[in-house]
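K.L.:
Respectively, the protein sequence lines represent chains A and B. Heads up: the first sequence begins at 1 in our numbering, then just goes up one per residue. Heads up: the second sequence begins at 1001 in our numbering, then just goes up one per residue.
Since the hints were made in silico from the structure, they are not lab data. Among the clues, some could well be false.
FRET-style restraints, in silico, Cβ to Cβ [unchecked claim]:
id, chain 1, residue 1, chain 2, residue 2, range
1, B, 1030, A, 17, 48 to 54 angstroms
2, B, 1237, A, 63, 36 to 42 angstroms
3, A, 57, B, 1149, 48 to 54 angstroms
Within a straight-line C-alpha distance of at most 35 angstroms, the following computed DSBU-like cross-link-like pairs (lysine-lysine) qualify [to be verified]:
id, chain 1, residue 1, chain 2, residue 2
4, A, 61, B, 1243
5, B, 1243, B, 1140
6, B, 1210, B, 1140
7, B, 1210, B, 1243
8, B, 1073, B, 1243
9, A, 58, B, 1243
We put the CB at the ideal spot given by N, CA and C, even for glycine.
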Amino acid sequence: MAERYIARGLEVAARMLGDEMMVMSTTDSTFFTLNAVATVIWEAADGRTPLSEIVAIKICKEFDVDQERAQRGADRFVDELSQHGILLVSEHPLVQSSTSPESR
Amino acid sequence: MTTTATVYGHAGESVPIEIGGMTIALRSHDRSFREQIAHRYSGFVGNTRLAQFEFDVDLYEPSEPAPADDGLKVRTEEGDWLLQRGDFRARWNPDARRGYIRQANNPYACDSLLRIVHTLILARQGGFLVHAASAIRGGKAFIFSGVSGAGKTTISRLAPPDVTLLTDEISYVRREGDQYLAFGTPFAGELGRVGENQSAPIAGFFLLGKGLQNRIEPVNPVEGIQRLLRNILFFAEDPALVKLIFQSACQFASSVPIERLVFFPDQRVWEFIR
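I would like the entire structure built from these sequences, with the hints used as guidance.
P.N.:
As structure tokens, this is what we get:
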């Protein structure tokens, strides 16, 4: 699979509550609760860092999981959220689409 | 809250409806319509001089029953809000504080108009309308939320005499400083009676469920916010406002305890609500 870059969507509301991140699409009101691993990916989705690098540096090291398994999980997560516009995905950097998490 | 005192047109042709401390005047040349509105919103008729917004109402005779809110379209166009459903079409400019509605000659369109305008205003103030019964007891307000059939009307009907019912269907939540207040609304459910036009600080928000015994259960904060969001009324196709609603729900949940109230339908459930 080609390298993928991810950025947080523009029409999204998000808030951290305890150790969970709540994310809602403001266009279709789809609501997601992100676990600790997904939250790390969400926070690292700056549009510049390749997903594989996020997985290798943020996930594998912090959660002690092997690269292949972590990559599969990250790909599924990214695919699901991108269907609702919550994450933007591209084979090229997406710097201009990056937004800051709100009300952290 | 800042109140802007504005005198609109001929006071005698307006019916000022005050909900949540905000007055919206409905102006019509049709006397029988004004009487119908005044009767429907009895207890919520305010002072025309204190109206913050005014709508000119143009009536036509309906040929078919009013549709549900599902067919509603709410969007912005050149600074105006456009509200449209099968039985009415309205344009409202919040800055000019004026609007116009052409509607079927029945009170249902006004109900919908008032709900929409209030949700749009509240969204910018950190408040919301929510599918919920609410009541005041001992100077504190309690909200009972749930979808149709969850027990909003049942718990309202079971309320003892020292309880003031604010609504059995749509609750009005407004933020004032660090606290949230619940206000009575004229939007009645199966109980068929308008709420009392009173308010009090909100002490608890309950997600309703029916069971064999009365009990209050803790709710995971994320679930609480998600359930709250599901029950908040919002009609506009406007991502920025939806974002505000999300933030309001999170803020509300951090200030007001959200719990699950499982109840058996008899008066003893009110022993838990104090």
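K.L.:
Would you mind marking each hint as holding or not holding in the structure?
P.N.:
Now for the hints, and whether the structure bears them out:
As the Cβ distance of residue 1030 (chain B) to residue 17 (chain A) is approximately 51 angstroms, the hint placing it in 48 to 54 angstroms holds. Between residue 1237 (chain B) and residue 63 (chain A) the CB atoms are about 39 angstroms apart, so this pair conforms to the stated range of 36 to 42 angstroms. The given range of 48 to 54 angstroms is respected by residue 57 (chain A) and residue 1149 (chain B), whose C-beta atoms sit roughly 50 angstroms from each other. Of the pairs offered as hints, the one joining residue 61 (chain A) and residue 1243 (chain B) holds, with about 34 angstroms between alpha carbons and a cut-off of 35 angstroms not exceeded.
For the proposed pair residue 1243 (chain B) and residue 1140 (chain B), the alpha carbon gap of about 29 angstroms is at most 35 angstroms, so the pair holds. Our distance criterion of 35 angstroms between C-alpha atoms is met by residue 1210 (chain B) and residue 1140 (chain B), whose separation comes to about 23 angstroms. Between the alpha carbons of residue 1210 (chain B) and residue 1243 (chain B) the distance comes to roughly 32 angstroms, so the proposed pair stays at or under 35 angstroms and holds. The suggested pairing of residue 1073 (chain B) with residue 1243 (chain B) holds, with an alpha-carbon distance near 19 angstroms, which does not exceed 35 angstroms.
Proposed proximity of residue 58 (chain A) and residue 1243 (chain B) is supported: the alpha carbons are some 29 angstroms apart, at most 35 angstroms.
In this structure, every one of the numbered hints holds.
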